[in-house]
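Q: Here is what each chain is made of, one letter per residue.
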Amino acid sequence: MSLQFVVDGLLAGSMIGLGAIGVTLTYSILRFSNFAHGDFMAWGTYATLAVVGAIGAMFGKIAPIAPLSFGWPLIVALILGVALTGLLALLLDFVLFARLRAKGQAIIVVMASFGASMALRSLLEFVFTSRPTYFSRAIQIAMPVGFGIRITPDQIALLLLTSVLVLGVHLLMTRTQTGRSMQALSQNAALARIVGIDVASVVRFTWIIGGALACIAGVMIGILIQIRPFMGFDMLLPMFAAAILGGIGSVPGAVLGGLIIGLAEAGAVQLIGAEWRAAVSFIILMAVLFVRPIGLFGVRER
Amino acid sequence: MDLLGYGAFFLTTALIFSLVTLGLNLQWGLTGLFNVGLAGFVAIGAYTSALLTTPDDAARLGGFGLPILIGWLGAMIVGGVAAALTGIATLRLKSDYLAITTFGVAVIVQLVALNAQKLTGGPFGIGFIPRPFGSLAETPLLFNLSNLAVVSAVTLIAYLALEHLSRSPWGRVLKALREDERAAISLGKSARFYRVQAFAVGGAIMALAGALQAHFTGFIAPDNYLPILTFQVWVMLIVGGSGSNLGAVVGSILVWAIWVGSGTLTSVLFPPEQQARAASLQIVAIGVMLCIILLLRPNGLFGDRPLHVRFGKQAKVVAGESSPGS
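In order, the protein sequence lines correspond to chains A and B.
Residue numbering for the first sequence follows the numbering used here, starting at 1 and increasing by one per position.
Residue numbering for the second sequence follows the numbering used here, starting at 1 and increasing by one per position.
Warning: the hint list may mix true and false statements.
To be verified - Straight-line C-alpha distance at most 27 Å; calculated DSS-like pairs for lysine-lysine: (1) B/175 with B/189; (2) A/103 with B/175; (3) B/175 with B/94; (4) B/189 with B/94; (5) B/94 with A/103.
To be clear, the hints were calculated from the coordinates, so they are not data collected in a lab.
Keep in mind the model is a prediction, meaning the values are calculated, not measured.
Generate the whole structure from the sequences, applying the supplied hints.
A: Now the structure itself:
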């Protein structure tokens, strides 16, 4: 068995983990599992793709930055895409989720998110068709780094980006007032209100963070694999499994859960075959639910 | 005559959907269990019955050539067991875990249907599934009408049985659990035990619907059981009104009519090369419809579900509304 699966697994795990942070925050702060989260991923990616296209139309063809497959247009587009995805999440909350939350039945919100997911995804299919597309069709040469492992410059850059983002979110959650408010709200909503935490602004912030990370994870998939309207929906089960494995509400848990699932998937692809990849998250999910439903870093509900 | 035949065909499909919706109504409407993987349970039923009843096939396991009724029974048993296992795994946890797990079940069933060629025939599916009135296939009208008769009979039986169940002491316990779990438990009812039962019976009904559909079309493939099926059935239940069996049946027929109608409309309005895109717009419209109904009329047409409106409060609202008018 070649060690290549470590690199593949870490990359897949990064994408799952970044998405799972959003899932876990939405669950712990807004108290519902958001089935539309995967579609934030796809929307963010297509938004970024559209901006890249617009920049290309304005400035002509731009050479990529030395060893990478993309140049500054993608970086600028990603920043815009992140903003747009955050806005999409806020908009969806405003027209749909917030109104249903006010009625007080959590599970209705879950169903609405399922409906929204279907509508969002089909809208992408309508606008961009279901044919897969790419940010770049150039093929990168993978460099051997020993132990039979090969890695491309893009992959190195994205792994670095993931580490920076995870560290950033962790510091945000633990060292800033906003982050502490989020934690307070997730641990005890009533008490958080009593001490004067502005719930509405924390909710807004949660959506923006979740949407932003979903967009970045989606663009990573777009750079390394391909862009399809279903790309986010297919990530949904791994993301939920990662969030539950890590313990709902825990950001480091979501990332670690994502990495474990990514590595397990990559290992399974090598041992059993790529067609069974999606089964890995389900098996891990069931194992967690039977053995330790609160996950690795979870806290028991009070 | 063609129109009559088409009407029968349409109603048969709609009634099969009704059967799935009835199963979902038992799970969600009556018991409050959220199933977003129902396409998986429908597929389990269809494949089980197909395996049991098709003639022997060298390319895959079985084809046991058993009678159709045995196939249906087998579908219900396997579907019920699958649902019971899902329930046992998740029903002691918060409701969202059930949602996520059922979602996973549908993904796994889809995966097995696509990849376990020896069992399911892979992407090409299973053909030559015996039809109850296959000998009548030469006269389409008679064939369609007899299919309609069979499906109506099964749906009617399921409807009456569920109506009876929901009025029985068993059904009252489920409703009590849905409305106020703590009070029901304090009366000595085991929440988990009753919920697993309801989930299993619902799963069995969905599997039966899948089996009916398989024998009605004679051919099944993994594509029949995509998440869009789950979504359609949910819209049917919400439109009809969750909690009401009558609502489940009427909602299914209504939504299926809208679905088929809008499909015909898009095929008339859009050129052939744009059809696939137009079809995705159809899904957008139904998704938006679901969200709007949830926002504006969460009880649907016939729903009995007092969405968090306690009895006293409801009485007050009614009083408040009637006083200015009078």
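Q: Hey, residue 189 of chain B versus residue 94 of chain B, does the alpha-carbon distance stay inside 27 Å?
A: holds (18 Å)
Q: Are the Cα atoms of residue 103 of chain A and residue 175 of chain B separated by 27 Å or less?
A: holds (20 Å)
Q: For the pair supplied as a hint, residue 175 of chain B and residue 94 of chain B, is the alpha-carbon distance within the 27 Å limit?
A: holds (18 Å)
Q: Mind checking the alpha carbons of residue 94 of chain B and residue 103 of chain A for me, to see if they're no more than 27 Å apart?
A: Cα-Cα ~19 Å, so holds.
Q: CA of residue 175 of chain B to CA of residue 189 of chain B, is that 27 Å or under?
A: OK: residue 175 of chain B and residue 189 of chain B at ~12 Å, within 27 Å.
In the structure shown, no violation is registered for any of the earlier numbered hints.
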